[in-house]
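Protein chains: 2
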Amino acid sequence: MFDGFLAFLIVFFVNMKIEFVPIGFVTDVKEIPRHWSISDAEGKIIIDEKYIEGLKDIRQGQKIIVIFHFHKSPEFNSGYLIQKPPHKEMEMGVFSTCSPVRPNAIGFSIVEVTGIQGNIISVRGIDMIDSTPVLDIKPVVEKG
Amino acid sequence: MFDGFLAFLIVFFVNMKIEFVPIGFVTDVKEIPRHWSISDAEGKIIIDEKYIEGLKDIRQGQKIIVIFHFHKSPEFNSGYLIQKPPHKEMEMGVFSTCSPVRPNAIGFSIVEVTGIQGNIISVRGIDMIDSTPVLDIKPVVEKG
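Protein chains in written order, with our numbering: chain A, 1 to 144; chain B, 1 to 144.
A couple of the hints might just be wrong.
No distinction is drawn between identical chains; accordingly, a pair holds when it is met within one copy or between any pair of copies.
[Unchecked claim] Computed cross-link-like contacts, DSSO-like style, restricted to lysine-lysine with a CA-CA straight-line distance of at most 27 Å:
| no. | residue 1 | residue 2 |
| --- | --- | --- |
| 1 | Lys44 | Lys30 |
| 2 | Lys50 | Lys17 |
| 3 | Lys72 | Lys17 |
| 4 | Lys63 | Lys30 |
| 5 | Lys44 | Lys72 |
No lab work stands behind these hints: they were computed from the structure. Quantities reported herein were computed from a predicted structural model and do not represent experimental measurements.
Use the sequences and the hints to build the structure in full.
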C-alpha cells in the first residue's frame, strides 16, 4: 500500500517542475568569491523594486540568509553524485557538500548586511558572483 | 551607465524563470508542524533513488539543511509584503519573516537525522507537511 503510494508520488514528482522568478540579483562583487563561511568579500544585492516594502526590517549589522541560483553551473548528471570538495581530502556525496553542481542548483549563504538603501542591500561575506539571481532572503533564526 | 545596466538586468530577470524538479518529498509526518526552530516533530524524507549515491555521507545524529517548496502556499501578491509573524506583536517585512507566503515559496529548515536507510532519511525537527517537495539537502556549515 505504502509502496504503491510511494511509486505514485515518485512518478508525480519526477514530472513536476517548480518555477521561481528571481527577486533580484547580485552586483558589484569585488573579489573572487570563496565559500561564505570563509569569505569577507563585499557586494550588493539589488532587489526588484516591487518588493521594497518587504525589506523594511532589514538592518545594518544583521545577518541574513540568501537563497540564490548557481546560474553558471553545468547541468547535473550522475557523474556529480560523488565529488571531492576543494578543501577536503576525500570524496563525498553531493548532499554533504556545498558544491554548486547539484541536482537543483540552489545556493545558500549567510551574509552580513553592511548597509541598506532603498532596494539595494550591501553585504559582506558573499560567495556569489555578479548577476547571480537571488531567489529569497530570510532572517537567521537560532534553534530555540 | 550603471542605471542602464540595472534596468536591463531587471527587465531580464523579471522575465527569467528558473525551474527545479524535486529531489524527493516528505512523508510520515506525525504532528502538525511548527517552525523547525521549535519543532520536535518527526518525519521522513524520501529521496529519488537516482540520487542515492549522493546521500552516502549523511549520518544519524547529524544536522542537515533542507530546502523545500511551500507547495500549499497561496500565490504571493503585494498584500503579503508586510505580515505579522504568529509569535510576534508587530508586522514585519516578508524578508524578515519565515512566512510560507513569500515571492518565491522556498522553505529552509535545519533538521536532525535520526536514521538513514537507503533513500529514506528519518528526521526530527521537521516543519514540513506530508508530500512537501524537497529541492535540496546541504550540510550545516559554521562560519569559520
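Hints and how they fare:
1. Lys44 to Lys30: within (10 Å within a copy, 42 Å between copies)
2. Lys50 to Lys17: both (25 Å within a copy, 17 Å between copies)
3. Lys72 to Lys17: both (20 Å within a copy, 15 Å between copies)
4. Lys63 to Lys30: For lysine 63 and lysine 30, the Cα distance is within 27 Å only inside one copy (20 Å; across copies 33 Å).
5. Lys44 to Lys72: This pair counts as within: shortest intra-copy Cα distance 19 Å, inter-copy 32 Å.
In summary, this structure violates none of the numbered hints.
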